[in-house]
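Hey, can you work out the whole structure from these sequences and the hints?
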Amino acid sequence: MSRRTLAGVAGILALMGIFGFAVYRGLGHFKRLSSSAAVAAPARPADTTAQLALPGTIYLSQGGDLFALHGTDFRAVVSADPRGNWGQPALLPDGNLLVIARRDASSDLYEVRPDGTVVGRLISGAATTLPDGSLENNHWVFTPHAAADGKTVWFSYDSPKSGFLVDLAIWSMPLTSPAPATSAQPVARPQLPVSARRWTTPNDYTGGDTDPVLLPSGALLYTKYSIDAKDKIHSQIWVTSSPRDDGHALTAAAQDCSQPALSPDGTHLAMVCTNGDQVSRLVEAPLLAAPAGSTPGVAPQAGPALGAQRVLVDGTLVAQPVWSPAGDGLIYLAPAETGANFQLWWLAGASTSGPRAPAQVTTSLGFDATSRPVWSAG
Amino acid sequence: MRRRILLSLLIAGGFVLSGFAGTIAYFMPAIRTGLSSTGQAAGLPAPTAAVGAATTSVTARPQPGSNDPFTVLLLGSDNDAKFSGDHLLTQSMILVRVEPATKRVTLLSIPRDLYVPIDCASGSQKIDTAYSYGGARCAVSTVQTNFHVHIDHYVWIGLKGLVSLIDQLGGVDVVTTNPVLDDFYPADLAGGNPFAYERVAVLPGAQHLDGLHAMEYVRSRHGDLREDFGRSERQQQVLLALRAKARNLSVFDLPDIAGSLSGQLTTDMGITQVGGLLPLAAGLDLKNVNRVLLLPPYTHGQIVGNQDVVVPDWNLILPLVAQSFPS
Numbered sequence: 538m539s540r541r542t543l544a545g546v547a548g549i550l551a552l553m554g555i556f557g558f559a560v561y562r563g564l565g566h567f568k569r570l571s572s573s574a575a576v577a578a579p580a581r582p583a584d585t586t587a588q589l590a591l592p593g594t595i596y597l598s599q600g601g602d603l604f605a606l607h608g609t610d611f612r613a614v615v616s617a618d619p620r621g622n623w624g625q626p627a628l629l630p631d632g633n634l635l636v637i638a639r640r641d642a643s644s645d646l647y648e649v650r651p652d653g654t655v656v657g658r659l660i661s662g663a664a665t666t667l668p669d670g671s672l673e674n675n676h677w678v679f680t681p682h683a684a685a686d687g688k689t690v691w692f693s694y695d696s697p698k699s700g701f702l703v704d705l706a707i708w709s710m711p712l713t714s715p716a717p718a719t720s721a722q723p724v725a726r727p728q729l730p731v732s733a734r735r736w737t738t739p740n741d742y743t744g745g746d747t748d749p750v751l752l753p754s755g756a757l758l759y760t761k762y763s764i765d766a767k768d769k770i771h772s773q774i775w776v777t778s779s780p781r782d783d784g785h786a787l788t789a790a791a792q793d794c795s796q797p798a799l800s801p802d803g804t805h806l807a808m809v810c811t812n813g814d815q816v817s818r819l820v821e822a823p824l825l826a827a828p829a830g831s832t833p834g835v836a837p838q839a840g841p842a843l844g845a846q847r848v849l850v851d852g853t854l855v856a857q858p859v860w861s862p863a864g865d866g867l868i869y870l871a872p873a874e875t876g877a878n879f880q881l882w883w884l885a886g887a888s889t890s891g892p893r894a895p896a897q898v899t900t901s902l903g904f905d906a907t908s909r910p911v912w913s914a915g
Numbered sequence: 053m054r055r056r057i058l059l060s061l062l063i064a065g066g067f068v069l070s071g072f073a074g075t076i077a078y079f080m081p082a083i084r085t086g087l088s089s090t091g092q093a094a095g096l097p098a099p100t101a102a103v104g105a106a107t108t109s110v111t112a113r114p115q116p117g118s119n120d121p122f123t124v125l126l127l128g129s130d131n132d133a134k135f136s137g138d139h140l141l142t143q144s145m146i147l148v149r150v151e152p153a154t155k156r157v158t159l160l161s162i163p164r165d166l167y168v169p170i171d172c173a174s175g176s177q178k179i180d181t182a183y184s185y186g187g188a189r190c191a192v193s194t195v196q197t198n199f200h201v202h203i204d205h206y207v208w209i210g211l212k213g214l215v216s217l218i219d220q221l222g223g224v225d226v227v228t229t230n231p232v233l234d235d236f237y238p239a240d241l242a243g244g245n246p247f248a249y250e251r252v253a254v255l256p257g258a259q260h261l262d263g264l265h266a267m268e269y270v271r272s273r274h275g276d277l278r279e280d281f282g283r284s285e286r287q288q289q290v291l292l293a294l295r296a297k298a299r300n301l302s303v304f305d306l307p308d309i310a311g312s313l314s315g316q317l318t319t320d321m322g323i324t325q326v327g328g329l330l331p332l333a334a335g336l337d338l339k340n341v342n343r344v345l346l347l348p349p350y351t352h353g354q355i356v357g358n359q360d361v362v363v364p365d366w367n368l369i370l371p372l373v374a375q376s377f378p379s
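Protein chains in written order, with our numbering: chain D, 538 to 915; chain Y, 53 to 379.
It is worth saying that the hints were derived from the structure and are not from the lab. Heads up, none of these hints are tricks.
Label pairs and their in silico Cβ distance ranges:
1) D:Asp741 x Y:Glu151: 31 to 41 Å
2) D:Pro668 x Y:Glu151: 50 to 60 Å
3) Y:Leu264 x D:Ser671: 17 to 27 Å
Beta carbons: idealized from backbone N, C-alpha and C, even for Gly.
Here it is in structure tokens:
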């Protein structure tokens, strides 16, 4: 066999090898093109722009970082660090934010400036580990909400608790000068300030009460969880006017509503209801000062009540509605398709008789759907 | 001329073989897992007819992929370092009946503490021990004998396998019904001490859960008044969320999924049968899913010896099973 023939055979064999390798790589490439089983990793908000410019500034959490959306541009406010993953922002009247920093076994409440400067820590849940390895002295603080005058903060906190009984209750405390902004040093038994007051008594072993929202009247809206006689778990929007008085339900147990959001003028309530399904709906209703008794399954009570309810968005996974500062629409989080990441959506005219179709504000991000955004006019 | 044709055929054949080798290499993880995990000769007990005729043999098992209804027993085990590999309990037992023609599915969660006679052991014990005595065969026969139900196939998955599967699918979307808080959640998937605890807080509402957090949601039970029943309900939610993911799966995903499940999943179904389930799962509508929990009055808690157990009321359960799982 001539040298030329040998070279030809070697070349063909090499081409065959390359072809086999190309088939291997091509199948992998085809998988990426054809399959959407694995959700694409979300882009970093600061590296993208929104599709739609909304007025003011919206603060949202993704992957433990807090971002601000102003116009169509995102900027990082504060990023995950040893203090924890940052989320669940709430707005103070001076423009500062209350933000939760969550670690594996506890969470803290911090005050943060819009530029990301951490002013200080208001609540620490970090406890030292017990000799038997137990972490039960740690505490969770979630869903903060500030009064309009900025003097009081409401939040859900897992106290009192004992052994396996760990439920969140709604607490309030005066906003005072926060502790230094460094990481919380664990103590034997972290406690709330003595000025803190517990507002609600959660139903045992339900997870408790969450999402405090203050009404202009001083009454408090919140989500209460319960288990009925058939062992079915329910969530309802409740309202109470004084500490330790749970108040009364505004929604029926069968509706399974949660995450109340009050319009800026205090006249409309948005919420998420599931009716026991694995689909969540965005529901809106006028908030009436006097009892209306118009909600089936809810007995008339003294105090606020809900008017006729309307489903604004259905057939998807809606989370965390927030009214615009002008009260002319709602933002919320939802995936664009089954299994996709949660994006930001805008629904104009939410309190009017004819809301428009929702508009998708972001397409490639992956917001934390358990962290309610906050929307500042400035 | 003939020599040239032969040479061309030889070269073409070489390229075909090369391409075939590339294809085999790509699907090798799936092939390896398929061979090691599926088609397990568990020696399942002969299928039996329903109520009152527990010993009547039925000749053929319906095959997933055909239009015949079939029943699968899903088994989930804590298989961390606390347990030896051949003596695992089944913390989760879900009986699934699929009716391909009508696209109806029934899920029945069996309480792990259900106090029943175990087929391969003496006397009554918690049903989650059956797997530890005799593997899938014993778990299946115990369910068949006690529930008078015909089981065609089983699937067993370990803790790490479920976490890996969910991660490989990109997580699951779940509407968590309430805050799930647990100060004594077992920290046995990572770290050196399988008896250690960690704190868990899964917040309520629609959200995207990765494998680890989905596992926390379905496994935690200390903070739920309904204890194991609450956990069973959450397991059904995540199972249905996984089904939704099947809509987006293609054959090209199999190597990655198979790689993530290595040693963490076994089933008596063949790989072609498993593949046949994908389009079926994708076509299911949540409205056609019947979820059953054996809450009181079907069961009640009782202390037997020094154990908290769940005692069945067969007079109520068997008619329910006969209706939901007809032979």
